[in-house]
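Colleague: Which chain is which? The protein sequence lines are U and Z, in order.
Here the first sequence is numbered in this note's numbering, starting from 70 and rising by one per residue.
Here the second sequence is numbered in this note's numbering, starting from 70 and rising by one per residue.
There could be a bad hint or two in this list.
Claimed, not checked - Now the stretches of chain U that chain Z is said to cover, found in silico as 3 or more residues with beta-carbon under 8 Å:
1) 283-294
2) 396-402
3) 487-497
4) 541-549
Unchecked claim - A short, non-exhaustive set of chain Z residues, derived as facing chain U with CB atoms under 7 Å:
5) L247
6) A333
7) A397
8) E401
Just so you know, these hints were derived from the structure itself, not from any lab.
Keep in mind that this is a model prediction, so the values were computed, not measured.
Heads up, the beta-carbon is just placed ideally off N, CA and C, and yes, glycines get one too.
2 protein chains.
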Amino acid sequence: MVVKGRAMHAPEASVAVKTLFNPRNITVIGASSSLNKWGNIIPRNIIGGGYKGRLYLVNPKGGEVHGLPVYPKAVDVPEPLDLVMMAVPAEKVEGALEDCARAGAKTVIVIAGGFSESDAEGKKMEERMVRRAHHLGLRVVGPNTMGIYSAPHSLVALMPAVHPLPGKIAFAAQSGNLGTQMLGWGSHKGVGFSRFVCIGNESDLDFVDYLEYFAQDDLTEVILLYVEGFKDPRRFFLAAKEVAAKKPIVIYKAGGTGAGHRAASSHSAAMAGDQEIYEGMIRQLGMARATTTEEMLDFSDALVKLPLPRGSRVAILTWGGGWGVVTADLCERAGLDVPPLPSQIKGRLDDILPSYWSKGNPVDLVGVIDINRHIESLKILAACEEYDCIISLGTINANLSFLDMINSELYPLKEEEKERMIRVLDEVAARFIETALEMMNIYGKPIVAVGMPQREEEYHRLPQGNEKLCIYPNPERAVRVMSMLAQRGKFIREKQARFG
Amino acid sequence: MVVKGRAMHAPEASVAVKTLFNPRNITVIGASSSLNKWGNIIPRNIIGGGYKGRLYLVNPKGGEVHGLPVYPKAVDVPEPLDLVMMAVPAEKVEGALEDCARAGAKTVIVIAGGFSESDAEGKKMEERMVRRAHHLGLRVVGPNTMGIYSAPHSLVALMPAVHPLPGKIAFAAQSGNLGTQMLGWGSHKGVGFSRFVCIGNESDLDFVDYLEYFAQDDLTEVILLYVEGFKDPRRFFLAAKEVAAKKPIVIYKAGGTGAGHRAASSHSAAMAGDQEIYEGMIRQLGMARATTTEEMLDFSDALVKLPLPRGSRVAILTWGGGWGVVTADLCERAGLDVPPLPSQIKGRLDDILPSYWSKGNPVDLVGVIDINRHIESLKILAACEEYDCIISLGTINANLSFLDMINSELYPLKEEEKERMIRVLDEVAARFIETALEMMNIYGKPIVAVGMPQREEEYHRLPQGNEKLCIYPNPERAVRVMSMLAQRGKFIREKQARFG
């Protein structure tokens with residue numbers, strides 16, 4: 070098939086992107102023994118990441134870097150190249166392309182800045198570089214990119230030393246530092262990625278090319294985009310319309326204000342576009358719009374882990390009254406309903422809770438310490454057809470008050486008794502999570518938990534199985550996630566009603 | 070002075086609250102040797118907190134708890150009582166008051182629930198209890214309260230086992246679990262408190278009484294309130310008007326929606342009131358309104374640590390472009406300005422930054438690794454009269470990429486060389502913070518930092534002096550804090566213009 074405006078033998082975008090994320094080998098041009106040069110750092114990150122394919126290094130000087138031989142030219146590499154990462158300055162990129170093409174490369178990542186994001190001259194240099202690449206049968210990622218990550222190959226071809234967690238989110242970012250920061254946050258928060266690309270200046274391969282790859286990628290369940298502006302918004306929205314109907318897309322649109330727009334144009338050479346038009350399109354196509362940087366991860370992670378609610382009716386289960394009030398407010402403001410408890414549910418909760426429980430929704434467990442009762446209450450609410458989803462506050466950390474007590478010097482127990490009690494508490498906490506996962510499975514309703522740890526050690530003392538549940542440290546994040554899921558659910562239902 | 074409707078000898082609220090936060094002794098009525106009873110847990114928390122006064126325990130059964138003698142009656146305690154904490158069920162409270170009064174007590178904390186927050190009968194019991202207390206010359210905190218904290222006396226008279234950090238924020242909360250959770254978050258985030266009270270049902274001492282104490286308390290610089298509703302909004306706003314003009318008040322108003330209102334009335338028996346009227350009053354009186362639970366701490370902490378900006382013009386310093394775009398957007402949406410760089414500032418930055426720097430505001434340091442240049446850029450922006458405040462992104466964690474590199478197995482350095490390099494990096498990072506604090510001091514402009522750690526270990530590897538600066542893990546929190554400070558600054562300036 071002829072690709073318009075490109076030489077016949079330049080691979081199609083789909084082929085080039087497939088190679089990008091699944092290369093049999095990667096070659097770093099400009100390998101260096103200077104410890105603080107990208108030609109040294111990038112191979113170090115690739116080796117450190119445990120890349121399963123073969124890494125080759127090229128530099129006219131030859132020698133050895135990180136114990137690997139350095140080939141003077143790409144054509145000296147003993148097998149045909151797949152993916153190339155150019156760690157040479159902007160003005161040397163064009164000249165290095167021919168060697169790569171002759172060595173069989175398909176896709177080239179150009180990290181250097183100083184192209185179209187800089188000035189008119191840089192723009193010309195970029196256009197010339199891409200023309201030359203196409204002529205030689207190469208497709209280009211970047212320039213001005215920090216690289217890529219691909220989970221199935223453990224390929225961390227990135228400038229910063231991040232350690233992404235493998236997972237089911239594919240991420241295309243129009244900012245390298247923001248994108249790699251998200252990978253880092255993800256590792257910290259237990260949010261994993263299937264693929265990541267820092268799109269750079271989109272001189273050749275662009276948002277749509279990556280989006281279309283993610284759409285058909287079996288390892289990807291959710292697509293995340295950080296966007297400052299699209300080169301061709303119409304082309305993007307046409308493509309996204311198809312994709313978003315099947316796979317959830319989470320989008321963060323930056324550069325929507327005057328100040329942000331000015332910053333974006335000097336950063337990624339992007340045209341930020343009219344924010345309102347963007348927002349309209351995002352809503353209309355059923356994409357989830359992250360409005361904070363944290364929501365990029367929260368939304369993507371929740372869309373991987375949780376079922377979509379069939380409506381917007383929330384049951385709130387709380388260990389303490391104040392958090393119930395706050396969460397009820399948040400739900401109503403976020404467009405969710407907090408309907409009263411049906412009387413038969415009240416009766417069933419009466420049987421297991423103290424007489425002074427709240428008798429309403431939020432269901433206030435009024436500090437009941439026995440987590441078995443939290444578990445029973447959760448089951449009753451999950452089974453109730455009047456609710457589409459559940460937010461559970463406090464239980465995840467409830468046993469920690471006890472742990473603290475047990476560990477107190479003033480608590481007169483023998484070591485082995487203490488250990489036994491701690492084990493029991495941990496088991497009950499783990500059973501709460503197990504039950505939540507089981508209820509989600511049986512009733513197909515999302516359940517999110519708010520843990521609210523208080524002490525340093527609690528942040529890392531989560532019950533077994535926690536990585537499968539969405540647990541937030543405050544109710545705001547839980548409610549925003551639930552509201553997003555409800556909107557996505559509504560979009561899918563309406564779509565099915567129209568076409569199904 | 071005669072207190073209206075109270076017996077002559079009941080102390081004035083100001084005296085009772087002073088005793089509450091500065092008792093020479095505290096007596097727990099209902100002390101218990103049962104490990105899971107509040108009569109056991111509360112004394113344990115008081116001892117564990119290191120209370121500097123004297124703790125007495127009372128129970129008709131006598132005996133010993135936590136190695137302390139248990140007196141059969143309050144009058145048996147060998148000195149006049151100051152503060153009493155009643156750990157007995159609701160129906161026993163009234164009967165226990167007389168013994169306390171005869172023993173000299175001034176202020177009584179009643180933790181039991183089951184009073185006016187429960188039902189009409191509980192309401193009657195509460196009214197009776199307060200009448201009896203006043204008649205006996207006692208003032209009441211609660212009922213339905215989790216207790217208090219007072220930093221100068223290391224007094225942790227609370228039901229949950231929290232470990233508050235001493236500091237300059239006084240906090241009155243209409244929810245015990247939310248309030249104590251904030252103390253716990255504070256310990257985790259380095260936010261300290263001077264005083265804390267869970268106000269409970271406000272049967273006697275109320276928001277205004279605590280507010281007035283905090284207003285004249287030298288240890289308190291900022292007042293934080295979590296409010297579901299005021300019993301007498303007019304009285305509160307009149308008092309708050311005086312206070313907020315001098316000491317900053319941060320307020321979180323819960324129960325503003327239908328669902329939240331319903332939850333609040335079953336929780337704290339509070340009348341949530343008309344949210345719009347509340348919001349209008351909060352704005353008009355120059356209080357800072359927290360809209361998320363996290364903001365309660367962020368706002369309070371920033372008001373303790375940072376000067377108020379003289380205007381709304383922000384300079385943004387960023388280590389990477391994408392974060393600059395995001396932050397510029399956030400600023401403009403939050404009512405802050407991001408004015409362009411004056412040309413002489415551009416010139417001065419040209420001298421220290423690479424040719425391809427952004428040449429605008431945000432000042433994009435385009436990944437410059439030498440933190441000395443970050444420090445120089447910060448100085449230039451701080452000195453510039455065109456800006457009222459600064460947000461610095463990324464620098465706080467910039468040296469961590471290096472640390473990671475140095476610690477890599479592929480980095481061929483001897484142990485002592487590595488250690489020396491790490492020391493140098495840590496010193497430079499600490500100097501950035503030192504410079505920020507110095508600049509705030511010289512120019513009286515707030516500077517906040519966004520650290521954005523990526524890896525577990527970085528969360529605890531902050532440079533020396535970090536506890537004096539406000540450092541956030543994302544730009545959203547930094548911008549909301551700066552916007553709040555700008556509003557407070559404007560309020561104070563306008564106030565001075567009118568009266569000064």
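Colleague: Taking a Cβ-Cβ distance under 8 Å as contact, does the region 396-402 of chain U have three or more residues in contact with chain Z?
Modeller: Since 5 is at least three, the answer is holds.
Colleague: Taking a Cβ-to-Cβ distance below 8 Å as contact, does the region 541-549 of chain U have at least three residues touching chain Z?
Modeller: holds (count 3)
Colleague: Apply the coverage criterion to the region 283-294 of chain U and chain Z: a residue qualifies when its Cβ sits closer than 8 Å to a Cβ of the chain, and three qualifying residues are needed.
Modeller: It is violated, with 0 qualifying residues against the three required.
Colleague: Do the numbers back the hint for E401 of chain Z, that is, is its least Cβ distance to chain U under 7 Å?
Modeller: 4 Å, holds
Colleague: Restraint: L247 of chain Z near chain U, CB-CB cut 7 Å. Satisfied or not?
Modeller: 3 Å, holds
Colleague: With a C-beta cutoff of 8 Å, work out whether three or more residues of the region 487-497 of chain U approach chain Z closely enough for the coverage to hold.
Modeller: Contact hint for the region 487-497 of chain U vs chain Z: violated, 0 residues under 8 Å.
Colleague: Does the nearest C-beta of chain U fall within a distance shorter than 7 Å of the C-beta of A333 of chain Z?
Modeller: 5 Å, holds
Colleague: When the nearest CB of chain U is found for A397 of chain Z, is that gap smaller than 7 Å?
Modeller: 4 Å, holds
Against the hints set out earlier in the document, violations occur for numbers 1, 3.
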